[in-house]
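Here the protein sequences line up with chains X and D, keeping their order.
Under our numbering, think of the first position of the first sequence as 137, with each following residue one higher.
Under our numbering, think of the first position of the second sequence as 12, with each following residue one higher.
Incorrect hints may have been included.
[Stated by the list, open to error] A short, non-exhaustive set of chain D residues, derived as facing chain X with CB atoms under 8 Å:
1) R33
2) S43
3) G54
4) L55
5) L57
6) T62
7) K69
8) I71
9) G73
10) K80
11) A98
12) F101
13) Y111
14) N112
15) F116
16) G117
[Stated by the list, open to error] In the SDA-like style, the derived pairs of lysine to any residue whose C-alpha atoms are separated by at most 25 Å in a straight line are:
17) X:K166 with D:L57
18) D:K60 with X:E238
19) D:K60 with X:G220
Just so you know, these hints were derived from the structure itself, not from any lab.
Positions of the beta carbon are idealized from the N, C-alpha and C atoms, including for glycine.
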Amino acid sequence: DAGVTQSPTHLIKTRGQHVTLRCSPISGHKSVSWYQQVLGQGPQFIFQYYEKEERGRGNFPDRFSARQFPNYSSELNVNALLLGDSALYLCASSLRGGTGQETQYFGPGTRLLVL
Amino acid sequence: AQSVTQLDSHVSVSEGTPVLLRCNYSSSYSPSLFWYVQHPNKGLQLLLKYTSAATLVKGINGFEAEFKKSETSFHLTKPSAHMSDAAEYFCVVTPISGGYNKLIFGAGTRLAVHP
Chain X
137 DAGVTQSPTH LIKTRGQHVT LRCSPISGHK SVSWYQQVLG QGPQFIFQYY
187 EKEERGRGNF PDRFSARQFP NYSSELNVNA LLLGDSALYL CASSLRGGTG
237 QETQYFGPGT RLLVL
Chain D
12 AQSVTQLDSH VSVSEGTPVL LRCNYSSSYS PSLFWYVQHP NKGLQLLLKY
62 TSAATLVKGI NGFEAEFKKS ETSFHLTKPS AHMSDAAEYF CVVTPISGGY
112 NKLIFGAGTR LAVHP
């Protein structure tokens, strides 16, 4: 079975640009979460979506937005990129995402470098 | 509020010797606790999880962890280290129930295994 897939694997942007990252969950999973992992730190929660609705949001500015499509895939958008947005962006999928008893399965990530 | 403290940023062991990675947590709610492993340039892989069942949890690749409520700890152990265990390890906490499943990561422990 295919795991969580993310595209692109690597991306280089300049300050002020916009970026879109994509994620496809495991088949049958309806919830997608996004995390940002800055070099040398643990991942930080950005968003969780379930059935196309935003269920939760972390402490990130409004420059960060996301959406989930009818096929449960998801996009993370970041506007007006800053140098500090350089990080590994991880997508995780789970069945429903509503409780801590569910496991979140992570994709390989998209490494974003902002110059 | 919930938080996780990984007590060692780096741990170095010799191949064939025991591994101990320490984690303390703080949670206002009954927690679910996880250990994830991240190999270089790879995504996060679940090692094991605790969700209020047995306090001694066995995971993949010979790892196990014990939930100790009185000590608010969830230390990860392995009897005998293998070279392939060299990686970054993250302790993770989340509420066992709630509206959504937001994973809170520790800062990580880098495990080095020497011949």
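Quick rundown of the hints versus the structure:
1. Proximity of R33 of chain D to chain X is violated relative to the hint, the smallest CB-CB distance being about 15 Å (cut-off 8 Å).
2. Satisfaction of the interface hint for S43 of chain D is found here, the shortest Cβ-Cβ separation to chain X being roughly 3 Å, below the 8 Å cut-off.
3. At about 4 Å, the closest approach between the beta carbon of G54 of chain D and any beta carbon in chain X falls short of 8 Å, and the interface hint on this residue holds.
4. For L55 of chain D, the interface hint holds, the least distance from its beta-carbon to any beta-carbon of chain X being 4 Å, beneath 8 Å.
5. About 6 Å separates the beta-carbon of L57 of chain D from the nearest beta-carbon of chain X, less than 8 Å, and the hint is met.
6. The interface hint given for T62 of chain D holds, since its Cβ lies 4 Å from the closest Cβ of chain X, which is under the 8 Å cut-off.
7. The interface hint given for K69 of chain D is broken, as the beta carbon of that residue sits about 15 Å from the closest beta carbon of chain X, more than 8 Å.
8. Given hint, I71 of chain D at the interface with chain X, is violated; its Cβ is 12 Å from that chain's nearest Cβ, farther than 8 Å.
9. Among the interface hints, the one on G73 of chain D is violated; its C-beta lies about 19 Å from the nearest C-beta in chain X, farther than the 8 Å criterion.
10. At a threshold of 8 Å, the smallest CB-CB gap from K80 of chain D to chain X is about 16 Å, leaving the interface hint violated.
11. At about 14 Å, the closest approach between the beta carbon of A98 of chain D and any beta carbon in chain X exceeds 8 Å, and the interface hint on this residue is violated.
12. Hint status for F101 of chain D relative to chain X: holds, with the closest Cβ pair at about 5 Å, below 8 Å.
13. Annotation: interface hint on Y111 of chain D holds; nearest CB of chain X at approximately 4 Å, less than 8 Å.
14. Restraint check, N112 of chain D versus chain X: the minimum CB separation of about 5 Å is within 8 Å; hint holds.
15. Proximity of F116 of chain D to chain X holds as hinted, the smallest CB-CB distance being about 3 Å (cut-off 8 Å).
16. Hint status for G117 of chain D: holds, given a least beta-carbon distance of 6 Å to chain X, under 8 Å.
17. For the suggested pair K166 of chain X and L57 of chain D, the alpha carbons sit about 19 Å apart, so the restraint of at most 25 Å is met.
18. Taken as a hint, the K60 of chain D and E238 of chain X pair is honoured in the structure, with Cα atoms around 10 Å apart against an allowance of 25 Å.
19. With a C-alpha separation of about 32 Å, the suggested pairing of K60 of chain D with G220 of chain X is violated against the 25 Å cut-off.
The structure is inconsistent with the numbered hints 1, 7, 8, 9, 10, 11 and 19, although it conforms to all the rest.
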